[in-house]
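Q: These are the residues of each chain, in order.
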Amino acid sequence: MDYVIEMLNITKEFPGIKANDDITLQLRKSEIHALLGENGAGKSTLMSVLFGLYQPDGGVIKMGGKEVQIRNPNDATALNIGMVHQHFKLVEIFTVLENIILGMEPTKLGFLSTKEARAKVCALSEKYGLMIDPDARIEDITVGMQQRVEILKMLYRDNDILIFDEPTAVLTPQEIRELMAIMKSFTAEGKSILFITHKLQEIMEVADRCTVLRKGKLVGTVDVKDTTKEELSRMMVGRPVSFTVEKKDVSPGDVVLEVEGLTVPSKQHRNNAVKNVSFKVRAGEIVCLAGIDGNGQTEFSQALTGLEKPSAGKIRLRGCDITNATVRNRSKIGMSHIPEDRHKHGLVLDFTLAENLVLQRYWQPEFENLGFIRKDAVRAYADKLIGQYDIRSGQGGATVVRAMSGGNQQKAIVAREIDKDPELLVAIQPTRGLDVGAIEYIHKQLVHQRDTGKAVLLVSLELDEVMNMADRILVMYEGEIVGQFDPKKTTVEELGLYMAGARRMPAGEGAQE
Amino acid sequence: MSRFREKILGAGPLSIVSSLISIVIGLLFGCALLFILKPAAAPHGIVSMLTAGFSAPEKFAKVLYQAAPLIMTGLSVGFAFKTGLFNIGASGQYTVGACLALICGIVLKMPWWAGLIASMIGGAVWGAFPGVLKAYFNVNEVITSIMFNWIGLFAVNLVLSNIPSVLANYYGAANADRTAALAAANKSAIIPNLGLDKVLNSNYMNISVFLAAILAIVMYIILNKTVFGYELKACGHNRNASIYAGINARRNIVLSMIISGALSGIAGGLYYLAGTGQYTIDKNLLQMGFNGIPVALLATSNPVGTIFTGMFISYIQVGGDAMQPEFAVENITVIVSVIIYLSAFALLMRNVISRPLLRRSGLKTAEEHEDDGRPSGGGLLPKSDSEGEVTGQ
Numbered sequence: 001m002d003y004v005i006e007m008l009n010i011t012k013e014f015p016g017i018k019a020n021d022d023i024t025l026q027l028r029k030s031e032i033h034a035l036l037g038e039n040g041a042g043k044s045t046l047m048s049v050l051f052g053l054y055q056p057d058g059g060v061i062k063m064g065g066k067e068v069q070i071r072n073p074n075d076a077t078a079l080n081i082g083m084v085h086q087h088f089k090l091v092e093i094f095t096v097l098e099n100i101i102l103g104m105e106p107t108k109l110g111f112l113s114t115k116e117a118r119a120k121v122c123a124l125s126e127k128y129g130l131m132i133d134p135d136a137r138i139e140d141i142t143v144g145m146q147q148r149v150e151i152l153k154m155l156y157r158d159n160d161i162l163i164f165d166e167p168t169a170v171l172t173p174q175e176i177r178e179l180m181a182i183m184k185s186f187t188a189e190g191k192s193i194l195f196i197t198h199k200l201q202e203i204m205e206v207a208d209r210c211t212v213l214r215k216g217k218l219v220g221t222v223d224v225k226d227t228t229k230e231e232l233s234r235m236m237v238g239r240p241v242s243f244t245v246e247k248k249d250v251s252p253g254d255v256v257l258e259v260e261g262l263t264v265p266s267k268q269h270r271n272n273a274v275k276n277v278s279f280k281v282r283a284g285e286i287v288c289l290a291g292i293d294g295n296g297q298t299e300f301s302q303a304l305t306g307l308e309k310p311s312a313g314k315i316r317l318r319g320c321d322i323t324n325a326t327v328r329n330r331s332k333i334g335m336s337h338i339p340e341d342r343h344k345h346g347l348v349l350d351f352t353l354a355e356n357l358v359l360q361r362y363w364q365p366e367f368e369n370l371g372f373i374r375k376d377a378v379r380a381y382a383d384k385l386i387g388q389y390d391i392r393s394g395q396g397g398a399t400v401v402r403a404m405s406g407g408n409q410q411k412a413i414v415a416r417e418i419d420k421d422p423e424l425l426v427a428i429q430p431t432r433g434l435d436v437g438a439i440e441y442i443h444k445q446l447v448h449q450r451d452t453g454k455a456v457l458l459v460s461l462e463l464d465e466v467m468n469m470a471d472r473i474l475v476m477y478e479g480e481i482v483g484q485f486d487p488k489k490t491t492v493e494e495l496g497l498y499m500a501g502a503r504r505m506p507a508g509e510g511a512q513e
Numbered sequence: 514m515s516r517f518r519e520k521i522l523g524a525g526p527l528s529i530v531s532s533l534i535s536i537v538i539g540l541l542f543g544c545a546l547l548f549i550l551k552p553a554a555a556p557h558g559i560v561s562m563l564t565a566g567f568s569a570p571e572k573f574a575k576v577l578y579q580a581a582p583l584i585m586t587g588l589s590v591g592f593a594f595k596t597g598l599f600n601i602g603a604s605g606q607y608t609v610g611a612c613l614a615l616i617c618g619i620v621l622k623m624p625w626w627a628g629l630i631a632s633m634i635g636g637a638v639w640g641a642f643p644g645v646l647k648a649y650f651n652v653n654e655v656i657t658s659i660m661f662n663w664i665g666l667f668a669v670n671l672v673l674s675n676i677p678s679v680l681a682n683y684y685g686a687a688n689a690d691r692t693a694a695l696a697a698a699n700k701s702a703i704i705p706n707l708g709l710d711k712v713l714n715s716n717y718m719n720i721s722v723f724l725a726a727i728l729a730i731v732m733y734i735i736l737n738k739t740v741f742g743y744e745l746k747a748c749g750h751n752r753n754a755s756i757y758a759g760i761n762a763r764r765n766i767v768l769s770m771i772i773s774g775a776l777s778g779i780a781g782g783l784y785y786l787a788g789t790g791q792y793t794i795d796k797n798l799l800q801m802g803f804n805g806i807p808v809a810l811l812a813t814s815n816p817v818g819t820i821f822t823g824m825f826i827s828y829i830q831v832g833g834d835a836m837q838p839e840f841a842v843e844n845i846t847v848i849v850s851v852i853i854y855l856s857a858f859a860l861l862m863r864n865v866i867s868r869p870l871l872r873r874s875g876l877k878t879a880e881e882h883e884d885d886g887r888p889s890g891g892g893l894l895p896k897s898d899s900e901g902e903v904t905g906q
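Keeping their order, the protein sequence lines are chains A and B.
All residue numbers for the first sequence refer to the numbering used here, where the first residue is 1 and numbers rise by one.
All residue numbers for the second sequence refer to the numbering used here, where the first residue is 514 and numbers rise by one.
Derived by calculation from the structure, the hints in this document are not laboratory data.
Glycine included, each C-beta is placed from N, C-alpha and C at the ideal position.
Hints are not guaranteed to be accurate.
Said to hold, decoys possible - If you want a taste of the chain A side facing chain B, the calculated C-beta under 10 Å gives, among others:
1) Tyr156
2) Arg157
3) Thr305
4) Ser331
5) Gly334
6) His343
7) Val348
8) Asp350
9) Gln360
10) Glu368
11) Ile373
12) Asp376
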């Protein structure tokens with residue numbers, strides 16, 4: 001079997017930690033090879049070695065059977081290796097075309113000459129169905145489009161080995177499907193793809209083979225067609241992971257949250273982002289708000305949690321009208337909020353873990369004395385939560401949150417919000433970007449809240465999550481609730497039709513209860 | 514990881530080491546410049562620059578005298594940095610503070626402490642304008658505070674030149690372009706010296722540097738120990754998260770600009786109520802406010818650190834004065850500025866030192882840590898995790 005690139009027995013050691021320990025990864029021509037592992041398993045280090053950002057302490061890299069030295073990213077580019085980073089490397093105020101040619105700008109007599117480049121970019125985008133406007137500015141286009149620009153950047157440079165670092169984390173289900181098709185068309189062309197991910201479903205769909213890493217060590221490389229999701233997750237986490245969530249039967253109690261005719265203006269366009277939305281959430285049930293990204297869920301969540309002002313409608317929490325209440329008052333009445341963007345809203349990244357764990361209650365008498373923060377109380381409280389919720393970090397409560405892994409950052413938010421002992425827990429995409437171990441953990445915590453009689457409103461883009469977690473599903477489409485379902489009596493396909501706007505329940509039917 | 518490295522990597526020691534390295538680099542540059550400008554006089558110039566501050570008690574008194582307002586403007590800029598704002602308007606706040614202090618002292622014959630309170634209020638009001646504009650209209654505070662520097666300067670000049678009883682000629686002196694000497698107008702407005710002038714044999718010496726140091730410690734306590742400081746810092750690091758946590762971000766922006774302005778205002782009061790300087794009606798912005806920026810940068814915005822960095826910069830300025838007459842005043846200004854501004858590269862140095870140390874110890878440095886795609890650096894420059902409009906409340 002011919003390999004286009006081989007990383008043989010790669011070892012990369014930092015004092016105290018072996019980030020890569022004798023890892024071998026062989027990429028065949030025209031295959032999609034998935035690289036699977038939890039956060040911190042060594043995927044990024046391995047790719048940094050391949051891209052020339054690190055020099056390995058041991059092992060060799062071979063290309064077409066011959067040993068090569070990759071000392072820096074330029075060497076990698078010269079070997080036709082291209083990479084789409086998880087966080088795009090684009091100049092926001094440049095146009096699509098300018099970004100694509102950046103670094104190898106075609107010039108005539110020192111002046112920029114983009115005519116041929118434009119033709120090449122247009123030809124490429126046509127050929128692979130990567131529709132873009134070459135003159136649009138990056139800041140004006142969607143995240144999915146930005147990713148296409150990154151892909152076109154690789155194609156423009158005639159790269160043959162394409163590395164995709166968690167490409168689906170930022171995409172909608174439709175965009176994911178499109179991306180998968182595009183990836184397959186690349187392999188049909190003879191290109192080879194390294195696909196870094198921790199979403200098992202995607203590996204099963206698109207990858208030919210899969211290499212699994214755990215704690216810096218190679219667990220194994222398997223043919224995807226001979227394996228199962230369960231097997232892969234066991235390899236990745238080191239123990240069996242359950243995908244179905246255990247739920248006791250609980251009959252819903254009193255109404256905790258009541259939303260009536262809520263309307264929220266949009267920031268992007270003149271229309272309302274949320275139109276006349278009404279529903280109730282009772283104690284002891286998980287209500288899922290499903291829908292494709294960008295259908296008003298973000299605006300709805302912000303209005304509900306007090307970050308934005310609705311233009312009409314009422315929100316009642318435990319009978320209190322909180323439509324215009326401040327964030328602090330909502331919190332006092334009993335709302336907890338796991339925000340959509342943990343870096344933007346959920347955490348102060350430059351604060352320590354302990355300081356972040358009291359972010360919602362530092363002002364309470366427990367932590368405050370005559371205007372001074374009671375540091376001992378904060379520390380003790382943080383230690384308690386860290387133990388109770390198994391939040392892992394380098395130096396415990398004194399760790400700066402920026403240095404923690406995404407999963408543990410999210411655990412910290414979940415711990416903080418749940419420990420407030422809320423009546424209503426609003427969780428917005430709480431598992432986005434996390435690995436299966438952390439997802440399982442957060443799902444358990446949400447179900448536990450429900451079982452202890454709390455109301456949970458879960459906003460999610462992942463249909464699997466919706467089907468597993470919900471007691472009741474509401475589908476949002478273009479700012480309206482277009483259907484209400486019992487997860488036991490519906491299918492993913494049916495939900496998909498409503499999410500795409502192909503069907504809707506008659507007004508009134510889905511809206512109440 | 515070795516014990517040593519662990520200690521060095523602690524936030525405090527790392528800042529101090531990097532500040533010291535920056536100072537050394539700044540001084541080397543300054544010395545090189547001396548050799549280029551006037552090789553023959555350079556050795557003597559270097560010696561007088563580096564030793565003048567300690568050469569005689571009265572020189573040391575001058576160092577302390579200039580350090581007080583520098584510490585205050587440094588505190589002002591550093592405090593704003595800590596809360597995510599860049600107060601480049603310290604000069605204007607300083608000027609307005611000085612103006613009110615002088616009016617209270619000379620015209621209203623108030624005692625020195627009332628003058629200081631007035632200067633604090635003046636600076637606070639001048640800081641409030643950019644704060645309100647930032648909080649409620651999302652106008653960049655850098656732009657407004659620069660404009661308020663000029664508005665403040667000319668407003669003060671206008672006011673002072675239209676109050677005859679504040680000017681020097683009202684008290685028998687010849688010049689009408691400056692305020693009266695406090696010794697002639699109102700002795701009680703002069704900041705007391707508690708006999709320190711005798712100890713150091715200089716009428717520059719008074720208690721102002723101690724007042725500044727006490728205020729620095731107070732600011733340290735506010736920022737690090739209080740609920741208010743926690744809110745201000747949360748707001749500075751990540752405005753969105755602070756809104757999410759129910760903190761009134763707008764109120765905090767206005768308050769931190771008011772406090773920052775008040776600190777600059779006190780600087781003006783301390784300088785002009787010392788009794789040795791007279792405010793000159795001139796068309797140039799006062800440099801004291803801008804020199805607060807390197808004081809704050811060199812101290813990585815740590816309030817206690819500004820006590821030392823303020824003294825250092827004052828020391829270099831006194832040393833520069835001592836280089837005359839071999840070097841022209843303009844040359845000295847250039848050299849001192851080069852030293853000051855290179856010294857302010859503390860943050861840069863911090864990254865330079867920490868990177869190899871961190872790499873060797875296997876920790877991720879800012880750039881390698883891709884989790885959020887943003888280098889962490891120090892908590893020095895205003896750095897919201899997401900800048901943008903202030904919403905909520």
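Q: Tell me if the interface restraint on A:Gln360 is satisfied: Cβ within less than 10 Å of some Cβ in chain B.
A: OK, holds: A:Gln360 within 10 Å of chain B, min 6 Å.
Q: Identify whether the interface hint at A:Asp376 stands, where standing means a beta carbon of chain B within less than 10 Å of its own.
A: violated (12 Å)
Q: Tell me if A:Val348 is really an interface residue toward chain B, meaning its C-beta lies closer than 10 Å to one of theirs.
A: Nearest chain B Cβ about 5 Å off; hint holds.
Q: Holds or violated: A:Glu368 as interface residue toward chain B, Cβ cutoff 10 Å?
A: Holds, because the Cβ-Cβ distance from A:Glu368 to chain B comes to roughly 5 Å (cut-off 10 Å).
Q: Per the CB criterion, is A:His343 less than 10 Å away from chain B?
A: holds (5 Å)
Q: Would the stated hint for A:Thr305 survive a check requiring a Cβ distance to chain B of less than 10 Å?
A: Holds: closest Cβ of chain B sits about 8 Å from A:Thr305, inside 10 Å.
Q: Answer holds if the nearest beta-carbon of chain B is closer than 10 Å to that of A:Arg157; otherwise answer violated.
A: Because about 22 Å separates A:Arg157 from the closest Cβ in chain B, which is outside the 10 Å limit, the hint is violated.
Q: Should the hint that A:Tyr156 touches chain B count as held when the rule is a Cβ pair under 10 Å?
A: violated (23 Å)
Q: Can you verify the interface hint for A:Gly334: is its Cβ closer than 10 Å to any Cβ in chain B?
A: Hint violated; A:Gly334 Cβ to chain B Cβ min 14 Å, cut 10 Å.
Q: Under 10 Å, Cβ to Cβ, is where A:Ser331 needs to be relative to chain B, so tell me if that hint holds or is violated.
A: holds (6 Å)
Q: Given a cut of 10 Å on the nearest C-beta pair, is the interface hint for A:Asp350 held or broken against chain B?
A: holds (5 Å)
Q: Minimum Cβ distance from A:Ile373 to chain B below 10 Å?
A: holds (6 Å)
In terms of the numbered hints stated before, the structure departs from hints 1, 2, 5, 12, listed from lowest to highest.
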